[in-house]
Amino acid sequence: MALDPQLTSLIVPPDETTRIEDVLNRLVEETGGNHALLLDKSGQVIACHGDANRQDTTALGALIAGTFASSREVAKLLREKDFKMLFQQGVRENLFIALIADQWILTIIFNKETHIGLVKVLIKKASEELSAILQRVRQSRRVRDDVLGASFRTSMEDTIDLLFRD
Amino acid sequence: MALINVAAREIHCKIVYYGPGMCGKTTNLQWIHGQVPQATKGDLLSIATETERTLFFDFLPLDLGKVRGFQTRFHLYTVPGQVLYERTRVAVLNGVDGVVFVADSQKSKLEENVNSLKELARNIQKQGKKFQDFPLVLQYNKRDLPNALPVPLMDKYLNPFKWPRFEACAASGPGVFDTLKGISKIVIGKL
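Protein chains in written order, with our numbering: chain A, 485 to 650; chain B, 545 to 735.
By construction, these hints were calculated from the structure, which means they are not laboratory data. Check each hint, because a few of them may be wrong.
[As the list claims (entries may be wrong)] Computed from the model, here is a short list of chain A residues facing chain B with C-beta under 10 Å:
1) Asp524
2) Ile530
3) Asp540
4) Leu647
[What the hints assert, rightly or not] Quick look at which bits of chain A chain B covers, simulated, 3 or more residues with Cβ under 8 Å:
5) 494-505
6) 548-558
7) 634-641
These figures come from a predicted structure and were not determined experimentally. Here a beta-carbon is modelled for each residue, glycine too, at the ideal position from N, C-alpha and C.
Could you build the full structure based on these sequences and the hints that come with them?
This is the structure in structure tokens:
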């Protein structure tokens, strides 16, 4: 195991994933939104709920996290620590993005049927619940080998050799 | 920080290709995208200027399939190389698990390589991580050019910590997959 906690993985246990999905589910239902996504700040999708036809969540995750990281650098230039929330307005759909405890990014996609004020209130409530979950996930400190199995690394190396070749 | 989702049985890792302008970061991703099996790759997404220079990042998701029951995904990113875009590079480095530093082997580019590596060290340290322990490999690109510097000389200026390093010609392919294999295995080892 790496000693530096920054280099170890964030392991989300199944019961916490269920709670995350419940929070996203409620957020979509109560706002009447179309889709909610929880991302890691690196752009990876942790969970999503809503429009089952969305095939583009991986690219969405990378781009939204990029937008957020970019806005943070803008904030620094303005001598702000960061922007906690971002709003992007489209003709048909809008995006509301909130930062959770410097680690996760909560995004909701909604259309003109939903009032922005309601989204603001409910995303704040959802953020607080997710923040508590994140805190538990960070503290749970599960050992990698318990989750992946000791032989995972060797199997993974074989797969890498097999796939990454000319 | 890599993400392991136990319920979905998924592992996600983020790898960033870093280096000075025009050193071949995007070319690496284009080669990988062209060569890996269809089932492994997603779309290569580029946020570039009209002249095809990277403006924000390129993004290539790779799905390695199930390994011991876990779906493993690598997300490859590049950064814009021009000096001006340091803030953008910092943004892309957010949550990175491993870095490929692509150096341009041409003699005239040595100083740019050195400066870019110093900037990378500074940005990794700002994330609270020790640079010399950080998962990193070097790629000496454009080895086919007549004005390429000798490898020992590049080592002297760019590889003080003896990171794994690979010689490459990203435009025609040699060394691209060796580099990707190198960083992938280090990142997996650090999970």
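To see whether the hints hold, each was checked on the structure:
no.: 1; hint: Asp524; verdict: holds (5 Å)
no.: 2; hint: Ile530; verdict: holds (7 Å)
no.: 3; hint: Asp540; verdict: holds (9 Å)
no.: 4; hint: Leu647; verdict: holds (6 Å)
no.: 5; hint: 494-505; verdict: holds (count 7)
no.: 6; hint: 548-558; verdict: holds (count 6)
no.: 7; hint: 634-641; verdict: holds (count 6)
In this structure, none of the earlier numbered hints is contradicted; all agree with it.
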